[in-house]
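Here the structure of chain H is known, so what remains is to put chain L in place on it, guided by the hints.
Keeping their order, the protein sequence lines are chains H and L. For the first sequence, the residue numbers in the numbering used here are 1 to 112. For the second sequence, the residue numbers in the numbering used here are 113 to 224.
For the record, the hints were derived by calculation from the structure and aren't laboratory data. Keep in mind it's a predicted model, so treat the numbers as computed, not measured. Check before you lean on any hint, since a few could be wrong.
To be verified - Heads up, simulated EDC-like pairs for lysine to aspartate or glutamate below, C-alpha to C-alpha not over 20 Å straight-line:
1) H/K42 - L/D150
2) L/K169 - L/E191
3) H/K5 - L/D150
4) H/K58 - H/E26
5) H/K57 - L/E212
6) H/K71 - H/D31
7) H/K58 - L/E185
8) H/K71 - H/E56
9) H/K5 - L/E191
As the list claims (entries may be wrong) - Away from chain H, derived, C-beta distances all over 10 Å, residues of chain L:
10) N140
11) Y176
12) T222
13) V224
Backbone N, C-alpha and C fix where the C-beta goes; we use that ideal spot for every residue, glycine too.
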Amino acid sequence: QQQVKQSPQSLIVQKGGISIINCAYENTAFDYFPWYQQFPGKGPALLIAIRPDVSEKKEGRFTISFNKSAKQFSLHIMDSQPGDSATYFCAASRGTGNQFYFGTGTSLTVIP
Amino acid sequence: NAGVTQTPKFQVLKTGQSMTLQCAQDMNHNSMYWYRQDPGMGLRLIYYSASEGTTDKGEVPNGYNVSRLNKREFSLRLESAAPSQTSVYFCASSTNRGTEAFFGQGTRLTVV
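So that you can see chain H by itself, here it is in the shape it has in the complex (with noise of 0.2 Å):
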């Protein structure tokens, strides 16, 4: 049982447009919601995460958007570039124990 759905399984998006991932939960015990970016070859790394006391999280180019009622959070990449051409996963934990449950990725490709 997948505790978090992810889609699209890929993406393809032209330079400069605006990369949207989309992930769902069940459990409402999760307090702890991160996306993790990963290149080929290598293992994923943090890229933003957020808690649901808030709605909203940028940092630079990434914004999350978080809807608690809906269960339900995304990822934005506002003007896309060929760099960040890359393999996205959600995730999900809770509080103590801190098991991270991950969606099953997205394969974004920017064109240039």
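Same frame as chain H, but now just chain L:
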């Protein structure tokens, strides 16, 4: 600062052979994890350790054993490798406060 170090980076095993994947972190983290990454499946937790001396099963523990040797090291053992265990394995570590997990570079394992 090396972060999370995994060895080996690549390995080919024959069905039935055993091997141990090594992981060490130098960030003084309490929690450590082993994930496997398969196409279309995302990252699935095999085992995790919330502190030295404790280990717990994750989503896909069958066919694996782990040892939390000390605070720095967390190893994953395959006693009798099967082709279904062909995957990329990632070790990660984090604090116990539900924050960022740091990943190693991964071990690409092929079982023939």
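Is the straight-line distance between the alpha-carbon of H/K58 and that of H/E26 20 Å or less? 24 Å, violated
Is the hinted pair H/K42 and L/D150 satisfied, with a Cα-Cα distance of at most 20 Å? It holds: about 14 Å lies between the C-alpha atoms, which stays within 20 Å.
Verify the proposed pairing of H/K57 with L/E212, using a straight-line Cα cut of 20 Å. Satisfied, since the Cα-Cα distance of roughly 16 Å is no more than 20 Å.
Distance restraint between H/K5 and L/E191, which requires alpha-carbon spacing of 20 Å or less: Given pair H/K5, L/E191 is violated - Cα atoms ~32 Å apart, limit 20 Å.
Does L/K169 pair with L/E191 here, judged by a C-alpha cut-off of 20 Å? Holds, because 16 Å separates the two Cα atoms, which is no more than 20 Å.
Over 10 Å to the closest beta carbon of chain H is the bar; see if L/V224 clears it. 21 Å, holds
Hinted pair H/K71 and H/E56, Cα distance within 20 Å: Roughly 14 Å separates the two Cα atoms, so the pair holds.
Would L/T222 pass as off the interface with chain H, using Cβ distances and a cut of 10 Å? 15 Å, holds
Non-interface claim for L/Y176 versus chain H (Cβ beyond 10 Å): 16 Å, holds
Is the straight-line distance between the alpha-carbon of H/K71 and that of H/D31 20 Å or less? Between H/K71 and H/D31 the Cα gap is close to 11 Å, so the pair holds against 20 Å.
Restraint check for H/K5 with L/D150, where alpha carbons must lie at most 20 Å apart: 16 Å, holds
Non-interface claim for L/N140 versus chain H (Cβ beyond 10 Å): 15 Å, holds
When the structure is compared with the earlier hints, violations turn up for hints 4, 7, 9 and for no others.
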